[in-house]
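Undergrad: Chain by chain, the residues:
Protein chains: 2
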Amino acid sequence: MPVFTEHSSSSRDLRVLPSFAPPLPRLAPPFKPEPKIGERYEVVVVGAGPAGLMQSLLLSRYGLNDASLLCVDAKPSTLKSGQADGVQPRTLEVFKTLGISTEIENEACQMWQFAFWNPATDPKKVIERTAVVPEVIPAARFKYEATIHQGRIERIMETDLLRYSERGILRNTRVLDVSLDEEGDDEFPVLVSMATDGIVKVIRTKHLVGADGAHSVVRRCMGLPLEGESLDHIWGVVDMVAETDFPDIRRRCAIHSPAGSIMIIPRERISTGEYLTRLYVQVPEDVAPACDLVPGGGEGVRPDDARQRRSKITLEGILKQAADAIQPYSLRPKDGAVDWWAAYQIGQRVSPEFIVKDSKGAARVFITGDACHTHSPKAGQGMNVSMMDSYNLAWKLMYHINGLAAQPTCSNKPTLLLETYQTERHQIAQQLIDFDRKFSTMFSGEMATTEGLMQEELQQAFELNNGFTSGCGVEYPENMLVVRDEDNINSPSLIQGTDYLSGILRPGRRLLNVRLLRHADGWQRDIHDDLPSTGRFRIMCLTSADLLDQNSISAQTLEAVTLLAAQFPKSVVEQIILHPKLHRSFEWDDIPACVKQEAEMRFYDGSVLDDAYTIYGVDPARGVLLVVRPDGYVGVVASLDDVQRVDRYLKSCIQTVSGN
Amino acid sequence: MPVFTEHSSSSRDLRVLPSFAPPLPRLAPPFKPEPKIGERYEVVVVGAGPAGLMQSLLLSRYGLNDASLLCVDAKPSTLKSGQADGVQPRTLEVFKTLGISTEIENEACQMWQFAFWNPATDPKKVIERTAVVPEVIPAARFKYEATIHQGRIERIMETDLLRYSERGILRNTRVLDVSLDEEGDDEFPVLVSMATDGIVKVIRTKHLVGADGAHSVVRRCMGLPLEGESLDHIWGVVDMVAETDFPDIRRRCAIHSPAGSIMIIPRERISTGEYLTRLYVQVPEDVAPACDLVPGGGEGVRPDDARQRRSKITLEGILKQAADAIQPYSLRPKDGAVDWWAAYQIGQRVSPEFIVKDSKGAARVFITGDACHTHSPKAGQGMNVSMMDSYNLAWKLMYHINGLAAQPTCSNKPTLLLETYQTERHQIAQQLIDFDRKFSTMFSGEMATTEGLMQEELQQAFELNNGFTSGCGVEYPENMLVVRDEDNINSPSLIQGTDYLSGILRPGRRLLNVRLLRHADGWQRDIHDDLPSTGRFRIMCLTSADLLDQNSISAQTLEAVTLLAAQFPKSVVEQIILHPKLHRSFEWDDIPACVKQEAEMRFYDGSVLDDAYTIYGVDPARGVLLVVRPDGYVGVVASLDDVQRVDRYLKSCIQTVSGN
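Quick note, the sequences are listed as chains X and U, same order. At position 476 of the first sequence the residue is numbered 476 (full-length UniProt numbering), and the sequence of numbers has no breaks. At position 615 of the second sequence the residue is numbered 615 (full-length UniProt numbering), and the sequence of numbers has no breaks.
Copies of one chain are not kept apart here, so a pair can be met inside one copy or by any two copies together.
Below, a list of computed lysine-lysine pairs in the BS3-like style, where the Cα atoms sit at most 27 Å apart:
(1) Lys143 with Lys596
(2) Lys124 with Lys596
(3) Lys36 with Lys201
(4) Lys201 with Lys75
(5) Lys320 with Lys125
(6) Lys320 with Lys596
(7) Lys334 with Lys596
I should point out that these hints are in silico values taken from the structure, not numbers from a laboratory.
Let's have the full structure, built from the sequences with the hints guiding it.
TA: Here you go:
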């Protein structure tokens, strides 16, 4: 259009860039590096695999700059020959709230189905498909597991990190030693000795996160054991473009044949236009007895025994075994070339402690990811659980550093909020180990011999545990951040139903995404898009059907919630408001003014797209209040007339600005 | 997991990067720059606004490298103070097929509803809402219009361009003159004189695309007029954070009050967390008579008259008029600050020719976007129609350059395919101009005086033309690329229904997205994701319900289509196959082998998610064949037993490799 007069403000120029996440406010005094005293940080992250990258990315987005935060990695560049490939639906939900899910959504392989193949009733057919089940069983925003090269996941996170951090990852940097030295400097008690390109230096930090993998130097230096067992089955894993007439090559398959077991994982399309396939193949040999617990975090295999057996593993052997097990179908790498192959032994081990405290009881060193739990890869858990460790820890650490965490009332509990990392994630790690042991055992050599029952059990185990493995049904135990109904016992029917996998509200589980119609503009939105990973708490009010009555309980609750939210540092507590089907249409004037003031763009009709009240198990006649934690988990549920319950919950987590 | 043996191929290293679009094959001899002869290109694009960037991006993705393609722009950087802000649903569909829609999906404002406000029946209320209608009426993958800063759209395209082109846009480069000089070099007859940072040089190119805006130098040098009229109403436009009690500030609104007319366009959220609002305000004054056609592409306003009136326009005047027209509500910029403001005059003009040919009839110079059509901004069309010009032209130009276009049989028609750019896009430009004239007139000063009828008419005009303005109902006229039913008259019921906005198949309209279940893996997919903008033709076969019979017409058709597709250069013609609800489940073995060979990952059940057959108007008992052009438009529809019709269509477009 031909414009003849034009005036522009300077802030407009920046609008061409993608949005940045708003940093969290800081009540604590600003951090000032003092080079004269020595190199010091607020947080050092060791390791830039999925766990370390997620940790660094979140802390950067929450507001830690390069002066406060250092992330180091021993490798010279991002991972090239990565092993993990599965991105679970809950991980995708989290990536989505970070705005970094698109490349995975568009370019990963989406596994929607899991097929089970077993010895055929007609022996001439050898094997037959006995079931096809959905890959993702709980209600979820993404109904599939994505598979894509681990290096790509890391590159996606690093690219986003570089929007917030000029330095990014300090590479070629090997951590040599980590120790606590409170006498030297009790504010920066963690001493880290590291070598960058061979040049050694010692730095200090307030906190350190060891995300440095199964052979974690941090874990070793802190003297934490890795407890568990190694079942000692040897498996081969191959990525290749498959040439096959097997009909389910594009589905995830568990195949048990008289000749052995294979798992097929379809993978992403590559630049040739072809599709990768991953095979897990059990290497045939006598089943060795399970090794005992190996203390000290070694690999859990007796060196002599293992070395001899390892030397037997060849690509040809793996491919031969796969070809045998998939008979009568054929299966070989196209043009004889494989993309990557490896061999491994199943072992499940977990550290009993994820946190190391100083002498005053303050949490100083954390371990995350493979550094605190290792297990087999076949359930596609490793990368996911590791990143979710970071997702659980990062906001707590940030609240602690920024002075946003509520000051404990007893002087001997300085880091209550931080301790919930151990409470919540150690339980998950233990569940992971237990599931993996069960799933792997079923899938291993015993399988072919006991048949029938075991075959069904594998499928049942998959289905039963899918809430956990998809990440969408994970439930944290009761703790200061997860307050259940024990003191709310007089309102037994506040939440109707117990099918939490379908979305029924439950403290300790993530809030299910629902689609809602926004009042202000008719925008059909996903509620998860109002839960971006910006470190904020959200009070959600599902009002009752009396919203249009001026003196209704809903109106009173909304006003009380607004007063409550104002007691916390600005922007830290947001409001989301839903209404059920009402008896008439209405305008802003018909509802309490605080709705438009506090939640104009987060006020929804919860009845016309998804039926949010039914999905969440909420009676529209009663409504409900809940708090969603910064990581998307429900923290507490209360009746509309019990704002005090929300008040107590939030004040136990977040420092008020008024001090009350 | 602890791996002890690991081997990786080198190609794996590249897998961490986002995918690249596969270039089109080239039958023409490779282009070799010969610096001794002079600087020469295959295509020069002038202008890096939305039209020029889309042109350059597509040509780069189709395979033109920096040696072949040069894009220049006079400005020193991407647009800062851009004017356009609307991204229509069809444009979003195209962005999605390019993999660049995400940032818009996530961060633009989504306009889902259009509210009409008119003088109230109760005069005390002054104005009242008379209707709320959906912003997007036709069936579409995206049910909203997105609004976001034009500079950001350009930055998104430029970022993607830089993945394919090292040079990107050559900026600070002003084109001084363009002329045809066949005598000097008839293969590179377009002479371009340009100045980069003031240094002048002359280069040659086979083709030139003038995407250099309303004041196009290319258009002027080629002597093309811009015909039409300027209605001469003056409008002010303001972007600001609004402080208002107007209830529909987050909806698109057309407000007519006794005090004047405003249009409200909600805009994206900015870094403060606040939301922008755009206002179009009619500047009050006597309505001046429409100017006559102004030849030569001037601004269409008599300089003396206009200059005097322009000087009256101030921000304060615009805001005062907006505040008056929205009474009894209040409306002002928050903190008194506006983001951007401008004034413009409505004018609709179009060039009669979009192509300039050389003496042999070969199309050499093209104009696109504002260079060939200008109009008012209020319908949110400009940026969209401009980019769709490029989307229409780019693949045709690439087919021509790469020798993929079918050689014409008559020697006097060397550039049949290229000429369809004029045929198709000039008609769209004319429709745009006609619509804009009607819509703008209705919305302008006449409105408030005639009331009633006109108010309804504006809403009707919006609804009636939404197919066009959304881009989703655009229909190209019959031409070599759009073959309708005239010679197919014996199959009158091949396509049932005529409600093309709902998705009924129609040559000349874009194929509607549907969701389908993929046979190979149970992936629930959008068919548009199988129509990426890679320049390929697609033969879609909606088989009939007899697919499982070995000698069925469906089976014969699939085999014939496979033979046909093989006659064209490798990868240029892809197959997509759907089946209707069948009477039993089936395996790959039950259907023709060519389905798995040619379309393993593009073979769908068209009945279980969306009912594709009903949506497309296809009888499952009969099925249908169709060709989807590289730009997503349906080219031809044929009965399953008439593969010849598809054969003729494709051979009129694409050069066969066997020559038959």
